[in-house]
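Got chain P sorted already, so can you dock chain R onto it with the hints?
2 protein chains.
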Amino acid sequence: MPEEKPYDIVVHNGTVLTLNRTFEVLEIGLVCITGGRLERVEKEAPGQALPAARQIIDARGGIIMPGLVNTHTHAPMSLFRGLADDLPLMTWLNDHIFEAEGRWLNPETVYTATRLSCAEMLLSGTTTLCDGYFFEDNVAEAVEESGMRAVLGQGIIDFPAPGVPEPDKNVAEARRFIDKWQGKSPLIRPGLFCHSPYTCSEETLREARRVADETETLFQIHVAETQSEVRELQEKHGLSPVQYLDKIGILNPATLVVHAIWVDEVDIASMAGSLVAISVTTESEMKLASGVPPVPAFLKKGLAVGIGTDGCASNNNLDMFQEMDLVAKLHKVKNLDPTVLDARQVLRLATQGGADALGLGDEIGSLEAGKRADLIIVDTRKPHLTPLYDPASHLVYAAGGSDVRDVIIDGRLVVRDRTVLTIKVEEVMAAVEDLAREIAS
Amino acid sequence: MPEEKPYDIVVHNGTVLTLNRTFEVLEIGLVCITGGRLERVEKEAPGQALPAARQIIDARGGIIMPGLVNTHTHAPMSLFRGLADDLPLMTWLNDHIFEAEGRWLNPETVYTATRLSCAEMLLSGTTTLCDGYFFEDNVAEAVEESGMRAVLGQGIIDFPAPGVPEPDKNVAEARRFIDKWQGKSPLIRPGLFCHSPYTCSEETLREARRVADETETLFQIHVAETQSEVRELQEKHGLSPVQYLDKIGILNPATLVVHAIWVDEVDIASMAGSLVAISVTTESEMKLASGVPPVPAFLKKGLAVGIGTDGCASNNNLDMFQEMDLVAKLHKVKNLDPTVLDARQVLRLATQGGADALGLGDEIGSLEAGKRADLIIVDTRKPHLTPLYDPASHLVYAAGGSDVRDVIIDGRLVVRDRTVLTIKVEEVMAAVEDLAREIAS
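As given, the protein sequences belong to chains P and R, one line each in that order.
Each residue of the first sequence is one higher than the one before, counting from 6 in the numbering used here.
Each residue of the second sequence is one higher than the one before, counting from 6 in the numbering used here.
Bound-form chain P, shown alone:
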């Protein structure tokens, strides 16, 4: 008998939520990883010897599940976490956020704050993020070092922006970012992020679309976030934001529409027809009092929907578990129907749904042999997760990011026993505190 080649990592002794099409749950399961890929995902037979492996991780009765996919954030905004809250949107943006961004963002602060956000995301079970901001090169550097998987969009807006003082070079700058990062790092996919249909001209939007199509990258855009945006677009173009974008040819399957709160049935039909994906950012949308997107209607139309946290200045954390809990509960109470968005559906949105929304659905989003090995272990031996009747229920309604014990991304162990192995967390926190002292003074 030939000697068996050892796996890189074997994770065992946990309830495996595969999040595959049939929502298969393996009560005591085993996951074998080699070369960054899931080789085996199966039941662990009692008394069976474990396969040979370089590293064995005992989940100790916890839950083994796909890593969470955060489909919308602005990672460097952790620098401004809690700087200004409870304000009218335009006061918050114009008097606080835009001013702070203009004054404090530079390659170094963006890099440092992104490292902080990566640490937070890893410690709360997020393995993939989709980001859109400025100085995205520096976001990419920090994300690459963290070991996270990411889709990163260089920001495009028709105003002087951090790192892009001349607006007429904004699309060219995004193109440069994409060219630099495409194929450079196995876990990072570059793309672009047009701020919105009210802050980018038709020309900018069309140019950006052309760049995204040519480079086969994701086109992110905030759409229909507020009622005032809808009014503005109606006045300017006689169309809703979605209809306007549809008319000028922006919507296609490589488009991530973020928010989509103030949309009507015609808009939803357009988005479904164009096969765009949608990212909802429930906590931030609630905190800014933007509104509630019609998620059940999106799902009914078959749209790919992912969950995002948005940036830390409007959330104010990056915990996807809290987002799951809120998505489920908000749509129940809005519809006065407790059967809307059940725990399994919500778990899917936060994993496979998000992966699909980012165009990564064949690679990640579920624990199935052949996919890349992005998984987390949730420690359930805690009072607030006791007893355990249904893992899906606990993950959505009772658990929090701090219950995540270990994180593996692309077959690499990046969090072990709540210690981030890829980031010097204490050092990063101290650096951000130093910056914050300057900002506050």
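Don't read these hints as lab results, they were simulated from the structure.
Ideal Cβ positions, reconstructed from N, Cα and C, are used throughout, including at glycine.
Heads up, a few of these hints could be off.
[Stated by the list, open to error] Derived list of chain R stretches under chain P, where covered just means 3 residues or more per stretch with a C-beta under 8 angstroms from a C-beta of chain P:
{"no.": "1", "region": "124 to 131"}
{"no.": "2", "region": "319 to 329"}
[Stated by the list, open to error] Cut-off 25 angstroms, straight-line C-alpha distance, at most; resulting in silico cross-link-like pairs (SDA-like, lysine to any residue):
{"no.": "3", "chain 1": "R", "residue 1": "189", "chain 2": "R", "residue 2": "427"}
{"no.": "4", "chain 1": "P", "residue 1": "339", "chain 2": "R", "residue 2": "427"}
{"no.": "5", "chain 1": "R", "residue 1": "339", "chain 2": "P", "residue 2": "99"}
What follows is chain R alone, placed relative to chain P:
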């Protein structure tokens, strides 16, 4: 110079949120405790020697604040956490919860599950709970052992109930409970909990009110939780639930109205006129799709409002930090106004507001010399709480129960470095898991 008598405990080196009337924040503060009472709450002068104390607790730059007051829960229901979710309310209640309660509740299971809930509450910073359930003697035993402060109501319902098979003895049973526990334990105040105006007859409600008034205890009752309750009361009495209770003399200042979701302006005026207090249970009300109570209107009318978690079967945890976050965000998005319920207001609801609602406002709810010493230390040296511009913002929008490091109740240290000192947590979790295995099979 006479020798200074040492304090029992001195807590120092943290930002003290006093939650006093002016929302005073002591950037580096000092709290001195003796005999269960706050003796001094003041700034810590740099270089100043610490006062003599039997125990010194270094908050290490964290936040020192009043313990959280959970104004509505059913502690033993942690036994059924996640047993049934995402179901229509009546299916959930009739086919799952009532059946499970009838079958599995007994003095021992109630005691064990309450111990679990106390451990969870302590580990998430709750120092006072207001509970309403059956076998409340056993709830009281478990709470007393945990060292928590509590107002406990024996359940009253006009059906055969766990421990009260003969409904016509339900008020007498509550009276017996009150007589047994009144003055027995310094931290426990007994009372009664009428289930609702649709499950208790007018006679029961009037009798219960008389007992509460005679014994000077709190009268808890679920009111206007669902639209169907309002319809039922309208059909039966031609009045809304609040108007009906007002008419039959149930509403007075020693009344805790729980939920108050489907109330109109007349109802709110009645409640304000009667000086009742209100408990809102946001997560549970969202998950059961009951509706959204008009909290800003309650506050405008000067009503005492507290926050509760409700039971674990409909939440599904007991984390008051999550409740604070949700109360703030839900009312912002409902009113499309981000200035509604700011972080400081919400912190007040979860502390002094809750204390006022339970009639304990002179004893607890803020950190002021003379009050009982119920306080928690929140560890902010974590990525998701970095940087720190505004402690109030972090506590409401970014922190979670798992950030609580230490808990002191009535001057007694009950949680130290996230270890519960009063409950054998591993043993209790194992006992509840054993019960859950029976229940699931």
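Hint check results:
1. Given a C-beta distance limit of less than 8 angstroms, the hint that chain P covers the region 124 to 131 of chain R holds, as 4 residues qualify and 3 suffice.
2. Check on the region 319 to 329 of chain R: 6 of its residues sit with their Cβ under 8 angstroms from a Cβ of chain P, so the three-residue criterion for coverage holds.
3. Between residue 189/R and residue 427/R the CA atoms are separated by roughly 19 angstroms; this keeps the pair inside 25 angstroms, and the hint holds.
4. Only pairs whose Cα atoms come within 25 angstroms are accepted, and residue 339/P paired with residue 427/R is rejected, the gap being roughly 41 angstroms.
5. With a C-alpha separation of about 24 angstroms, the suggested pair residue 339/R and residue 99/P falls inside the 25 angstroms cut-off, and the hint holds.
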